[in-house]
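Visitor: All chains should be modelled from the sequences, with the hints used to inform the complete structure.
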Amino acid sequence: MVYLTRKAEFSASHYYHNPEFTPEENRRVFGKCNNPNGHGHNYTLEVTVKGAVDPRSGFVVDLKELKEIMHHEVLDAMDHRFLNKEVPEFASRIPTTENLAIAIWQRLAPKLQKAQLHRVRVYETPDLFADFYGEA
Amino acid sequence: MKAHLTRRYRFSASHRLHSGEFSAEENRTIYGKCNNPHGHGHNYALEVTVSGPVDDRTGMVCNLVDLDGFVEKEVLSHYDLENLNTLQEFARNVPTTENLCVEIFEILQRGFRHAHLERVRLEETMMNSFEYAGGAETRP
Chain A
0 MVYLTRKAEF SASHYYHNPE FTPEENRRVF GKCNNPNGHG HNYTLEVTVK GAVDPRSGFV
60 VDLKELKEIM HHEVLDAMDH RFLNKEVPEF ASRIPTTENL AIAIWQRLAP KLQKAQLHRV
120 RVYETPDLFA DFYGEA
Chain B
0 MKAHLTRRYR FSASHRLHSG EFSAEENRTI YGKCNNPHGH GHNYALEVTV SGPVDDRTGM
60 VCNLVDLDGF VEKEVLSHYD LENLNTLQEF ARNVPTTENL CVEIFEILQR GFRHAHLERV
120 RLEETMMNSF EYAGGAETRP
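Top line first, the protein sequences correspond to chains A and B.
The opening residue of the first sequence carries number 0 in numbering that gives the first Met the number 0; numbering runs sequentially from there.
The opening residue of the second sequence carries number 0 in numbering that gives the first Met the number 0; numbering runs sequentially from there.
Hints in this document: simulated from the structure, not taken from any laboratory.
The reader is advised that the hints may include incorrect statements.
[Stated by the list, open to error] Below, in silico cross-link-like pairs of lysine to aspartate or glutamate (EDC-like), each with a Cα-Cα straight-line distance of 20 Å or less:
1. B:32 with B:97
2. A:49 with A:67
3. B:1 with B:136
4. A:113 with A:24
5. B:72 with A:64
6. A:113 with A:78
7. A:84 with B:55
8. A:113 with A:88
9. A:49 with B:136
10. A:31 with B:67
11. A:31 with B:65
12. B:1 with A:61
13. B:1 with A:88
14. A:6 with A:64
15. B:1 with A:123
16. B:1 with A:134
17. B:32 with B:136
18. A:6 with A:75
[Claimed, not checked] Quick list of simulated restraints, FRET-style, between CB atoms:
19. A:70 with B:97: 37 to 43 Å
20. B:39 with A:64: 45 to 51 Å
21. A:0 with B:133: 21 to 27 Å
22. A:91 with B:113: 21 to 27 Å
23. A:6 with B:90: 27 to 33 Å
24. A:26 with B:113: 18 to 24 Å
25. A:24 with B:112: 20 to 26 Å
Quantities reported herein were computed from a predicted structural model and do not represent experimental measurements.
For glycine and all other residues, C-beta sits at the position ideal for the given N, C-alpha and C.
Guide: What follows is the structure, encoded as structure tokens:
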């Protein structure tokens, strides 16, 4: 089993708000991230797949194919977008780094045929990242 | 759904690697430059990984305010700009980065209640790092 990781970068804005909370609760729980005008990050995405090395190609996965899937499923949908308003998953889910990793996993997993998705890691800043391994 | 969250912190401290169980010559052989009696320092980078179900109401594994507050109070304020050899936990234990990594894991394990502690990773320099997961294997 070999693990292979491909990186990509995208920039997007978001804010944290739960309509079921009172304005005070929203401010207390989410702090500055509750500003309804949003704020942005340069996200770094790392997608790790695992699999056996194909003896004919020497590949776990065709990197070009993985890159295209990541571009089509993630970057085209999220790069330079306001996540709360423009990415359907976040109409009902708060676009935290944790939920972003889950949403990206859910977009990628059905598209990957040959290699198995192992981990989605999303860096919100160089000092904060979330990992999702597809666990319930 | 279960996710892992990792936060990175920085602190600077000095230490000297020296064990009372070795002779002066053995200490010099084993620890080399790190045995210099005057000590030397590092800019450490600390990564704390916690896990748990993502709360539907907040979208979070744990509120960063709680994690940052705990790490600041119990870890950073304890170690930042200190000489590790003068601290109680290193009175008998050599303050290698392995031992420091385990100490920090145990501080978090004892006191942090907002999420499950998965792993502590400590970089001593950009060239070396250490990980401890309480005896469990770390995950790729």
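Visitor: Which hints from the list above does the structure break, by number from lowest to highest?
Guide: Result: hints 4, 5, 6, 8, 12, 17 and 23 break, sorted rising.
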